[in-house]
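Novice: These are the residues of each chain, in order.
Number of protein chains: 6
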Amino acid sequence: MPVITIETGKLEKEQKVLLVERFTKTASEILKIPEQSFIVQLKENESDNIGVGGKLLTQVIAERNSK
Amino acid sequence: MPVITIETGKLEKEQKVLLVERFTKTASEILKIPEQSFIVQLKENESDNIGVGGKLLTQVIAERNSK
Amino acid sequence: MPVITIETGKLEKEQKVLLVERFTKTASEILKIPEQSFIVQLKENESDNIGVGGKLLTQVIAERNSK
Amino acid sequence: MPVITIETGKLEKEQKVLLVERFTKTASEILKIPEQSFIVQLKENESDNIGVGGKLLTQVIAERNSK
Amino acid sequence: MPVITIETGKLEKEQKVLLVERFTKTASEILKIPEQSFIVQLKENESDNIGVGGKLLTQVIAERNSK
Amino acid sequence: MPVITIETGKLEKEQKVLLVERFTKTASEILKIPEQSFIVQLKENESDNIGVGGKLLTQVIAERNSK
Chain L
1 MPVITIETGK LEKEQKVLLV ERFTKTASEI LKIPEQSFIV QLKENESDNI GVGGKLLTQV
61 IAERNSK
Chain U
1 MPVITIETGK LEKEQKVLLV ERFTKTASEI LKIPEQSFIV QLKENESDNI GVGGKLLTQV
61 IAERNSK
Chain R
1 MPVITIETGK LEKEQKVLLV ERFTKTASEI LKIPEQSFIV QLKENESDNI GVGGKLLTQV
61 IAERNSK
Chain P
1 MPVITIETGK LEKEQKVLLV ERFTKTASEI LKIPEQSFIV QLKENESDNI GVGGKLLTQV
61 IAERNSK
Chain A
1 MPVITIETGK LEKEQKVLLV ERFTKTASEI LKIPEQSFIV QLKENESDNI GVGGKLLTQV
61 IAERNSK
Chain D
1 MPVITIETGK LEKEQKVLLV ERFTKTASEI LKIPEQSFIV QLKENESDNI GVGGKLLTQV
61 IAERNSK
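Chains as they are written, first to last, in UniProt numbering: chain L, 1 to 67; chain U, 1 to 67; chain R, 1 to 67; chain P, 1 to 67; chain A, 1 to 67; chain D, 1 to 67.
Note that these hints are calculated values from the structure, not bench results.
It is possible that some hints are incorrect.
You can't tell identical chains apart in this list, so a pair holds if it fits in one copy or across any two.
[Claimed, not checked] Here are the simulated lysine to any residue pairs, SDA-like style, with alpha carbons at most 20 Å apart:
{"id": "1", "residue 1": "K67", "residue 2": "N45"}
{"id": "2", "residue 1": "K10", "residue 2": "N65"}
{"id": "3", "residue 1": "K25", "residue 2": "Q36"}
{"id": "4", "residue 1": "K67", "residue 2": "G53"}
{"id": "5", "residue 1": "K13", "residue 2": "K67"}
{"id": "6", "residue 1": "K10", "residue 2": "E29"}
{"id": "7", "residue 1": "K10", "residue 2": "R64"}
{"id": "8", "residue 1": "K55", "residue 2": "E44"}
{"id": "9", "residue 1": "K10", "residue 2": "A62"}
{"id": "10", "residue 1": "K43", "residue 2": "T58"}
{"id": "11", "residue 1": "K10", "residue 2": "E21"}
{"id": "12", "residue 1": "K32", "residue 2": "R64"}
{"id": "13", "residue 1": "K10", "residue 2": "T58"}
{"id": "14", "residue 1": "K67", "residue 2": "L11"}
{"id": "15", "residue 1": "K43", "residue 2": "L18"}
Chain L with its partners taken away, still in its complex shape (with noise of 0.2 Å):
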């Protein structure tokens, strides 16, 4: 039954294998539950829909290079 959410940038199809497989693994041993009811769900955001500190992330990040 658990349902794990990660909400982050866009993802490679390699990282998306290895969240999946880490994250379930990691919570069936902590929760001892087996790995076969673990549901992950992915979810990619553009930088222009996230906001931190009360900026778009793409800001953020253009700040950040021009340092």
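The hints should help you fit chains U, R, P, A and D onto chain L, whose structure is shown.
Specialist: Chains U, R, P, A and D in isolation, oriented as in the chain L frame:
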């Protein structure tokens, strides 16, 4: 006020119409709240973005089809 | 895999049984996915924790009852 | 830590900047938590993927415009 | 239709009223959608149920207060 | 920015510490994002509020234990 959300795979337009219609009707009957108050959110996910039992759904489907 | 979530007010046990049963049956028929694959999450919220039209639901209900 | 999410329709870039800025400022003032701690998630949905009162939002808008 | 959700710590009633009022007003102005269409969900979380930077918020607060 | 959420049953404090620690560490390694940027939300649900395969989890557990 009630908000119903379904996280699932790709949907046909006809499925969207039916899901919204029937979820709303069902919940309205059970909760005795007018249909007008209900919001339904249909969240379509790529098979690569869903994990089941520690594997990407894409992989699970491929393995099932190769049996 | 599909995960259905309803955000609503306080629920009776009987309503929980019916919501889970009928949401699962409805979605299974429309999506042609076996019932066994479905997860339903029932999220109960206090009226003070829901806003409708800019007011707490508690206030909206009180105003409706005072008419 | 607070995470603010809005589920809505398509957004212009300018609307994204304003939503992130003002949600963060408003919540920071009310909760007395520094703006730096806030995350905002902007979730854009197609009108076919939202149901209001048992109908797709697309249909609701079409009916409204045809009056 | 828009649904605004904030995941945060424990809230005072007054904070709930203000968050619902101002989030709705702000979003209504920016999105040009009537306030009546908005739903706000206030999700209160225990400090033990939130992780920041790999630690429980309870621990982060304790460490901050011990400085 | 990444926000990781797990919807599960009741948790012990020790499980909360481990879930936050290991989810953050795992995601940080895979996404090459500093641990400090991660938020984890632990959502505990009553067994009566979760449906699996069309039945309340409470009922599923009872049936499993009666075998």
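Novice: Name the hints, by number, that the structure is in violation of.
Specialist: Hints 1, 5, 14 are the ones this structure does not satisfy, whereas the remaining hints hold.
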